[in-house]
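For chain U, the structure is supplied; the task is to place chain X with the ligands on it using the hints.
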Amino acid sequence: MSGVWVVVEERDGRMGRISWEAVATGQELGAQLGVPVCAALPGAQTEALAAELAAKALNRVVRVEHALLGAYTADGFTLALEQLLRAEQPEFVVFPHTYQVRDYAPALAARFGQVLIGDVTQVGTGPVFTRQLMQGRLSGTYCPTGSGPCFVSVQSGAFRADAVKAGTAEVTVFSPVLEAGQLRTRPSEPFRGSAQTVDLGSAQMIVSVGRGIKEAENLPLVQELATALGAELAASRPICDNGWLPMERQVGSSGQTVAPKLYVAVGISGAIQHLVGMKGSQCVVAINKDADAPIFEVADYGIVGDLFEVVPALTEAVKNARQ
Amino acid sequence: MKIVVAIKQVPERDAPLRIDAAGKWIEEADLQWAMNESDAYALEEALQLKEKHGGEVVVLSAGPERVGSTIREALAKGADRGIHVDCDNPAQWDALGMARLLAEAIRGESPDLVLTGLQSDDLGLGQTGVIVAELLGLPHASLILHVEKTDAGLKVKRELEEGWFQEIELPVPAVLTIQSGGNKLRYATLMGIKRAKTKEVRRVTAAELGVASNAVVALERIAVPQKQKSTQMLTGSPKDVAATLVEKLKFEVRVL
Ligand SMILES: Cc1cc2nc3c(=O)[nH]c(=O)nc-3n(C[C@H](O)[C@H](O)[C@H](O)COP(=O)(O)OP(=O)(O)OC[C@H]3O[C@@H](n4cnc5c(N)ncnc54)[C@H](O)[C@@H]3O)c2cc1C
Ligand SMILES: Nc1ncnc2c1ncn2[C@@H]1O[C@H](COP(=O)(O)O)[C@@H](O)[C@H]1O
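Protein chains in written order, with the working numbering: chain U, 25 to 347; chain X, 16 to 271.
Derived by calculation from the structure, the hints in this document are not laboratory data.
Some hints here could point you the wrong way.
As the list claims (entries may be wrong) - If you anchor each label on the Cβ, the simulated ranges turn out as follows:
| hint | chain 1 | residue 1 | chain 2 | residue 2 | range |
| --- | --- | --- | --- | --- | --- |
| 1 | U | 26 | X | 67 | 32 to 38 Å |
| 2 | X | 170 | U | 71 | 44 to 50 Å |
| 3 | X | 216 | U | 107 | 41 to 47 Å |
| 4 | X | 42 | U | 69 | 49 to 55 Å |
| 5 | X | 262 | U | 215 | 29 to 35 Å |
| 6 | X | 202 | U | 316 | 15 to 21 Å |
| 7 | U | 344 | X | 170 | 53 to 59 Å |
| 8 | X | 30 | U | 169 | 50 to 56 Å |
| 9 | X | 29 | U | 194 | 51 to 57 Å |
| 10 | U | 113 | X | 225 | 27 to 33 Å |
| 11 | U | 185 | X | 42 | 38 to 44 Å |
Said to hold, decoys possible - In silico contact screen, one side only, chain U against chain X (beta carbon under 8 Å); selected entries:
| hint | residue |
| --- | --- |
| 12 | 169 |
| 13 | 257 |
| 14 | 285 |
| 15 | 342 |
As the list claims (entries may be wrong) - Listed next, the stretches of chain U that the computed footprint assigns to chain X, with coverage defined by at least 3 CB atoms under 8 Å from CB atoms of chain X:
| hint | segment |
| --- | --- |
| 16 | 138-150 |
| 17 | 157-163 |
These numbers come from a predicted model, not from an experiment.
For every residue, glycine included, the Cβ atom is placed at its ideal position computed from N, Cα and C.
Next comes chain X alone, as it looks inside the complex:
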C-alpha cells in the first residue's frame, strides 16, 4: 500500500503566544515547533499499515523552511521519503487553498491511501483532509481511530460523540482523517534518526504546483479571549491557597 500522510508543523503546546504587531497572527520568531498531535497518530497508523501489508509511506508538509525538521522527525520514525511544499505564512491560506496545495502535491503520487490529522492544534479548522478528498475526487471518512485493509478496500472505525462508534467500509484510493488515541505512538530510534538524514525530501513550490492562495475568507484579527465569568483567583503560597480553598469548599460550596 502506498500511503501519503499530511503532517503539519504547529507551535509547541506550552509555547507562550504573542500577538504580532498587525494583530493578525502570532510572533513566530522565537517559537518552538512540533508535529501536530493527530498527525502523529496518522503517521503511526500509516507505519503500522506498511508493517503489515508492505508498501511505502510518504510524508507531506506545507510551510516555510522550518517544517523540514518535522519532516525529518517523521522520516526518523520510519517514513520512507518526504515532500516539502514551500510556502510562507501558511496561516494566511484558507482551508481550501491549503487543501489545493496538498491535493496537487498528492495527485502526482497516485497513492492508495491519504491520511491527514483530524484537526490542527493551531488553526483548528478540522477541514483540510475532507477538502483534499473532495478535490481529488476520492471517498473519505473522518474521525478515524483504526484502519483495517480488506479485500474490497478498507474497514475503518469512526468515532462519534459521547462514547459511540461506527464502522465504515470504503473502497481505495481513499482519504481518512485520523483522530488521536487509536494507537500508541512510537519514538524515533537512534538508528532511525541516522537513516532519516539519507532519505529523500523533495521540495516543490506553490507556483510549481500551480496553486495561488486566493483566500475566500480572511483572518482579520486575533485576540486573547475576553473573560466572561468572574473567577475568584486564590493567591499565596501553595499552603495558603490550599487552606483558603478548603474553607471555600467547606462553607461556600459545602462539599466537605
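So that you can see chain U by itself, here it is in the shape it has in the complex:
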C-alpha cells in the first residue's frame, strides 16, 4: 500500500480551486497517517499543470496521459485510473467533488469493491469523514471498514486551498492502455444555456426566493420587497425547475454565482448547492420558519418566522425608510 493519492482535475487548461482544496486535504490526511502523498493528473496534455503541482509538497506527480483522455468520458477516466490505482495500491484516494468526479468515481470505487465517501466537509482522526445528510440539516460521520483503498471526495469550499504546502515533487508519466472502442459514450463540446439577459453577478442587492413561497401566485410578495429595496429577484433551483422564474435567475452551483452587498434569502433552506452560489455576499439575511435551517449558518442576520408575515412587514418598513 502506498499512502494517499489525490486525483486532480484540469478545467480549461487550469486547475480549479477545488482541486487545490483536494490536494490540501490529501496532505492533511498524509500527515495524520504519516504516509506519502502523491497526485495523479489525468488528461491528454498535462505537462504544464504537472509543473505547477511539482512545486508542492508531494512525493510524486503522475501525469496519467493519453490522447483519449482529452475529452472527459466516464469510461476513459475509470479505465485509466483503475490501471494506475491497481499498480500503486493506495490506502486513500482523494478527489474534488465536481460534477465530473460524481460521474465516474463511484464506478471506479465499485471496481475495487469500495464506495466513495462523497462530498466530505471534514476529516477527523481515525480517519473518519463527515458529510452532510438531509440536505445539510444533519451531518453524518463515516468510517471505512473495508480493506481496500478508501475513496473520498471533498466538498467545494470545505477545505483551504491556501493550506497547500509547497515543496518539490518528481514528475512521472503513466500511460494507460486505452482503445477508442472502450469508450461507449460520445460527448459534445460544452455549450451555454439560453442567452443571459439578467446579470445577477453585478447586482448590488438580491432578494432570493425558495420553495417556502409554496406557489407561483405568491411570488409578487417577494417581488414587492425586491422593488422596494431596488434589488434583483433571484431564486433557488426548485423555483426555476417549476418554471415559476426563468433559469437565468437561479443562484447556485448550476446557476449563477453572486456576491452582492445584500442577499436576502426568503424560504430557502440553504443546501450546499445553493450556498456555493451566494456565500460570497457581503451581508446575508435569512428568513425561514425553521430555526435549524442550514441557511442560518451563512447568515449575518436571521429571522425565524413565517415569510408570509415577515416579508410584507419588511417591505413596508423599507418603503417607509426610503421616503
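For chain X with the ligands alone, coordinates are given in the frame of chain U:
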C-alpha cells in the same frame, strides 16, 4: 422501450428530524414519507418516452413495507408495474450494497433503459445510479435533463456547472441519472389512482436476490451540524424585526 425507474422513498421535505437513541439514524416512527425529488423527474422522463415510443415503465423501490405507497403513487401516475425489494433499514446499506440490490432486481428484466434520480434527498450519496451501471456492465451518463431516442441509441442533455450543458450520445441499454427540472411533473389523476390498485407489484427479498448488506463504510453517528458563524437572530413581532432589520441595513450594512 422497456424502462426501469429506481425510486426511493425519503422523509417528507419539511418533516421534523429527531436523532434516534443510538445516534446513528433518525426516528422513523412518526415521519411522513414522499417520493425523492429527482426520482419524480426520472419517472416523468420515462412516462414521456413511453408515450412517444411505446413500451413499458417498471418502477423499482427498495425498502420496508412503507415504500409500497410510493410505488403506488408512481403506478397512479402511469407506470405499468412495480418491483418492491424488501429490506429493512435501507440507510444502513452503503451505496455499493444498495446498488447491488437494485442491479440484481433489474438484471432479470433486461430493460433498454434504466433511470435513477441523481441524488437522494436523505443520504445524498449521488452514486447509486452510476454504480448500478457499473454492476450491470452498461454505459451511463449522469445529471441528465433530457433524453432523446435516436437510431443508434440515445442522445441526452447533461448539466454541467454554472449554466453549462453538454450533449452525450450513447448506445442502449444504458443507465441515466436524472437531474430535476428537465420536465414538468404530472399529477396522478383519479382514474390513475383507481387503476394503480389493480397493477402488479412483485415483492422480492434481498436474500432471494442473493445480496447481503456487507457495508464497506459505516455511518458511525449523525448530529445536528455545529454553527460556525455567529448569526444575529432578530426576534419579536414581524413588525419589530422588520424595523430592527431596516435599522441594520441603514446604519451597519449601509445599503439603504
Ligand atoms: C447537482 C445539483 C445541483 C444543484 N444546483 C442547485 C442550484 O444551482 N441552486 C439551488 O438553489 N439548488 C440547487 N440544487 C438543489 C439543492 O440541493 C436544494 O434542493 C435546493 O436548493 C432547495 O431549494 P429550497 O431551499 O428553495 O427548498 P427547500 O429545501 O424545500 O427549502 C424550503 C425552505 O423554506 C422554509 N419554509 C417553508 N415555509 C416557510 C414559511 N411559510 N416561511 C418561512 N420559511 C418557510 C422551510 O423551512 C425550508 O427551509 C442542486 C442539487 C444538485 C444535486
Ligand atoms: N432504496 C432505494 N430504492 C430505489 N431506488 C433507490 C434507492 N436508493 C437509491 N435509489 C436510486 O438511486 C438514486 C441516487 O441515490 P443516492 O445514491 O442515495 O443519492 C436515487 O435517486 C434513486 O433513484
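Structure-based check of each hint:
Here the CB-CB span from residue 26 of chain U to residue 67 of chain X is close to 52 Å, at odds with the stated 32 to 38 Å. The hinted window of 44 to 50 Å between residue 170 of chain X and residue 71 of chain U is violated, with their beta carbons roughly 34 Å apart. Remark: the range hint 41 to 47 Å for residue 216 of chain X to residue 107 of chain U is upheld by a beta-carbon distance near 43 Å. Take residue 42 of chain X and residue 69 of chain U: their Cβ atoms lie about 53 Å apart, and the range 49 to 55 Å holds.
Here the CB-CB span from residue 262 of chain X to residue 215 of chain U is close to 47 Å, at odds with the stated 29 to 35 Å. At about 31 Å, the beta-carbon gap between residue 202 of chain X and residue 316 of chain U misses the expected band of 15 to 21 Å. Look at residue 344 of chain U against residue 170 of chain X: about 55 Å separates their beta carbons, and that is inside 53 to 59 Å. Range check, residue 30 of chain X to residue 169 of chain U: Cβ separation about 30 Å, and the 50 to 56 Å hint is violated.
The supplied range of 51 to 57 Å is met by residue 29 of chain X and residue 194 of chain U, whose beta-carbon atoms lie about 54 Å from each other. Our hint of 27 to 33 Å for residue 113 of chain U and residue 225 of chain X holds, since their Cβ atoms are close to 29 Å apart. Checked against the hint of 38 to 44 Å, the pair residue 185 of chain U and residue 42 of chain X passes, with Cβ atoms roughly 39 Å apart. Hint status for residue 169 of chain U: holds, given a least beta-carbon distance of 5 Å to chain X, under 8 Å.
Look at residue 257 of chain U: its Cβ only gets to about 16 Å from chain X, farther than 8 Å, so that hint breaks. The closest approach between the C-beta of residue 285 of chain U and any C-beta of chain X is roughly 5 Å, which is under the 8 Å cut-off, so the hint is satisfied. Interface restraint check for residue 342 of chain U: the shortest CB-CB distance to chain X comes to about 6 Å, inside 8 Å, so the restraint holds. Only when three residues or more bring their CB closer than 8 Å to a CB of chain X does the claim for the segment 138-150 of chain U stand; here the count is 6, and the claim holds.
With 7 residues having a beta carbon nearer than 8 Å to a beta carbon of chain X, the segment 157-163 of chain U meets the requirement of three or more and the stated coverage holds.
Violated hints, listed in ascending order, are 1, 2, 5, 6, 8, 13; each of the other numbered hints is respected by the structure.
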